[in-house]
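Work out the full structure, taking the sequences as your base and the hints as a guide.
Chains A and B, in that order, are what the protein sequence lines are. Letter 152 of the first sequence, counting from 1, is numbered 152 in the numbering used here, and no numbers are missing. Letter 217 of the second sequence, counting from 1, is numbered 217 in the numbering used here, and no numbers are missing.
Simulated from the structure, these hints should not be mistaken for laboratory data. From a predicted model like this one, the values you see are computed outputs, not experimental measurements. Among these hints, one or two may not hold up.
[What the hints assert, rightly or not] Per label pair, the in silico range of CB-to-CB distance:
#	chain 1	residue 1	chain 2	residue 2	range
1	A	D280	B	D17	33 to 41 Å
2	B	D31	A	S93	31 to 39 Å
3	B	M221	A	T98	42 to 50 Å
[Claimed, not checked] Cut-off 25 Å, straight-line C-alpha distance, at most; resulting in silico cross-link-like pairs (DSS-like, lysine-lysine):
#	chain 1	residue 1	chain 2	residue 2
4	B	K281	A	K190
5	A	K95	A	K205
6	A	K90	B	K92
7	A	K265	B	K205
8	B	K205	A	K284
9	A	K190	A	K20
Quick reminder that beta carbons are idealized off the backbone N, C-alpha and C, glycines included.
Read off the chains here:
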Amino acid sequence: MKFDTDQYRYDGSKKLTISKTPTKVDDIYDDKKEYQDVLAKQAAEIDDWQDRMYAHNHFGLLIVFQALDAAGKDGTIQKVFTGTNPVGVKVSSFKRPTEQELSHDWLWRSWRALPERGTIRIFNRSYYEEVLVTKVHPEILTDNQRLPEAATKDLDKLFKQRYEAIRDMEKFLHINGFPTIKFFLHVSKKEQADRLIARIEDPEKNWKFEVGDIKERDFWNDYHQAYEDAINETATPHAPWYVIPADDKETMRLLVGRIVADEIKKLPIKDPKPDITRFDELQKMIPLIRAQ
Amino acid sequence: MNTKPFRYDGTTKFSVDLPTTTDKLYTDDADRDCQLAELATRMDQAQNRMHAEGNYGVLVVLQAMDAAGKDSSIRRVFRGVNPSRFMIQPFKKPEKEAQNHDFLWRFWRDLPERGMIGVFNRSYYEEVLVLRVHPDRLRAGNIPDNLLPKDDKILWKQRFGDIVHFEDYLFRNGFPTVKLYLHVSKEEQGKRLVARLSDLEKQWKFSENDLEERGFWPDYMRAFADTINATATKNNPWYVIPSDDRHNQQIIIGHIVADLLESLPTEFPERDDKEAKRLIKEVEKQDGKGEVEKCTMASQV
Numbered sequence: 001m002k003f004d005t006d007q008y009r010y011d012g013s014k015k016l017t018i019s020k021t022p023t024k025v026d027d028i029y030d031d032k033k034e035y036q037d038v039l040a041k042q043a044a045e046i047d048d049w050q051d052r053m054y055a056h057n058h059f060g061l062l063i064v065f066q067a068l069d070a071a072g073k074d075g076t077i078q079k080v081f082t083g084t085n086p087v088g089v090k091v092s093s094f095k096r097p098t099e100q101e102l103s104h105d106w107l108w109r110s111w112r113a114l115p116e117r118g119t120i121r122i123f124n125r126s127y128y129e130e131v132l133v134t135k136v137h138p139e140i141l142t143d144n145q146r147l148p149e150a151a152t153k154d155l156d157k158l159f160k161q162r163y164e165a166i167r168d169m170e171k172f173l174h175i176n177g178f179p180t181i182k183f184f185l186h187v188s189k190k191e192q193a194d195r196l197i198a199r200i201e202d203p204e205k206n207w208k209f210e211v212g213d214i215k216e217r218d219f220w221n222d223y224h225q226a227y228e229d230a231i232n233e234t235a236t237p238h239a240p241w242y243v244i245p246a247d248d249k250e251t252m253r254l255l256v257g258r259i260v261a262d263e264i265k266k267l268p269i270k271d272p273k274p275d276i277t278r279f280d281e282l283q284k285m286i287p288l289i290r291a292q
Numbered sequence: 001m002n003t004k005p006f007r008y009d010g011t012t013k014f015s016v017d018l019p020t021t022t023d024k025l026y027t028d029d030a031d032r033d034c035q036l037a038e039l040a041t042r043m044d045q046a047q048n049r050m051h052a053e054g055n056y057g058v059l060v061v062l063q064a065m066d067a068a069g070k071d072s073s074i075r076r077v078f079r080g081v082n083p084s085r086f087m088i089q090p091f092k093k094p095e096k097e098a099q100n101h102d103f104l105w106r107f108w109r110d111l112p113e114r115g116m117i118g119v120f121n122r123s124y125y126e127e128v129l130v131l132r133v134h135p136d137r138l139r140a141g142n143i144p145d146n147l148l149p150k151d152d153k154i155l156w157k158q159r160f161g162d163i164v165h166f167e168d169y170l171f172r173n174g175f176p177t178v179k180l181y182l183h184v185s186k187e188e189q190g191k192r193l194v195a196r197l198s199d200l201e202k203q204w205k206f207s208e209n210d211l212e213e214r215g216f217w218p219d220y221m222r223a224f225a226d227t228i229n230a231t232a233t234k235n236n237p238w239y240v241i242p243s244d245d246r247h248n249q250q251i252i253i254g255h256i257v258a259d260l261l262e263s264l265p266t267e268f269p270e271r272d273d274k275e276a277k278r279l280i281k282e283v284e285k286q287d288g289k290g291e292v293e294k295c296t297m298a299s300q301v
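Spelled out as structure tokens, the structure:
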């Protein structure tokens, strides 16, 4: 099955207007079986390319997932990357920063978790929270982050500087062999309400629910504005954003899987060249092994 | 499946003469894949509960001679487990930074969090295996001479004690350890090394060092037997996996880990029904619920 993922891509060549961007599109699969088949095929594709990336050992891939609560970050990560060699994929979930993390600059904890060459690292939430939740609740900057007072006087300037710092970091990573792909899972407010209620009702999911999630819903428009700004400020060809319609979980996962597979394939990965001289040399060892 | 015959918890002695083969546990490749998929689902479900509760974490340690199937087992057995709750850590020769610390330091750093499964591909057991075979490396290290027992017997006894205490401590804190020794015959290892050498695409996996260590086979076997017998406990058992058949090996490992996860007394956190009703009302009051959203995008297919 082929579907066009370009329309979801933001690399700086077009502006995102979040209110005009759909949270729902026509299903891209006919039935459950087709969905599962396509998902499995994509997983095998990602697995195969991660393997080659590992053998080549030059590139590493950073994949960022951002979304409002209950948009499906956890489930998408699970479904898209189950099937990839667990040695090659690691997931870092960023929660509220710890005391130790707050004692550093705001990018510190992310640097520590960046991917190694040959591997994929997934950030479930990321340094983007520093221009999202902190933009909606700027008191975090003064109360928790202990920034120099002068830095928090002009918030516009502060966020401009943060976008720049993110752009610089992603460019630096790109130059060093670590491209970044960023997903914003775009869910409607109504669908979010349905999912939150389902969470509360389901005894196996109830633990996931936090009362704070309800409160944050009141800031819905502020969050959307913050996302729109962040995406427009940080979308570049080497670190593009993808805004994925998230009201249908299956469609969302297929789109994410397709995009990840396509993005890895774009990397100039070379299969290791067999070393014929060494190979001939090694053949002499075979009788030695047999004799041992 | 009964995995007891493979289990060593201190009540029976392990001897390296134990067979490296066992009855075939699958009919064909498709059957093996199907069994592994079922096991992955069991692991995933049990882990989901463990993660939701957030009290237990599990450490799986893999030890073996080269080419016994550590990497392929990890890949095959754990591919179906949610990657967000799974950490695999390979350990190579310690770097300078690690040498500047005590021998358990670098392993502490990579222990799983509660709710997670951590897999160590090689581990602190190398400290009583490879160093046992090459004690000169330990003696040439940074541990002050006056603290290092002159008598090898005492030295290894101390290290076994350190490891047993370490794992006991973890267990009491909610982190059981399960240790897997992949038991392969020297003949089968020879075949696999030859296969690596004869395959242009696999040759990069081969290192001369593998051959060198193969020369110490009896020493390694003795080190494994002593280690397993000295560190197998009821709470943190060893399993000896017959590994000449990779598929059997993977199925047995899957059962051991799935059984362990299911045996932990974990529960989904209880829900407060009254509070749940109140919260649902609160969500419903917020705008958004009930709004009809229009699709604005054309068909994709």
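We went through each hint and held it up to the structure:
Taken as a hint, the range 33 to 41 Å holds for the pair A/D280 and B/D17, whose Cβ atoms sit roughly 38 Å apart. Judged by the Cβ atoms, the range 31 to 39 Å given for B/D31 and A/S93 holds: they are separated by roughly 36 Å. About 46 Å separates the C-beta atoms of B/M221 and A/T98, a value consistent with the hinted range of 42 to 50 Å. Pair hint B/K281 plus A/K190 holds up; C-alpha atoms about 14 Å apart against a cutoff of 25 Å.
Taking the CA atoms of A/K95 and A/K205, the gap is about 18 Å. The hint holds against a cut of 25 Å. This hinted pair checks out: A/K90 and B/K92 have alpha carbons roughly 19 Å apart, not beyond 25 Å. A C-alpha spacing of about 24 Å is found between A/K265 and B/K205, which places the hinted pair at or below 25 Å, so the restraint holds. Of the pairs offered as hints, the one joining B/K205 and A/K284 holds, with about 17 Å between alpha carbons and a cut-off of 25 Å not exceeded.
For the given pair, A/K190 sits about 16 Å from A/K20 by alpha-carbon distance, which is consistent with the 25 Å threshold.
The structure meets every hint from the earlier list without exception.
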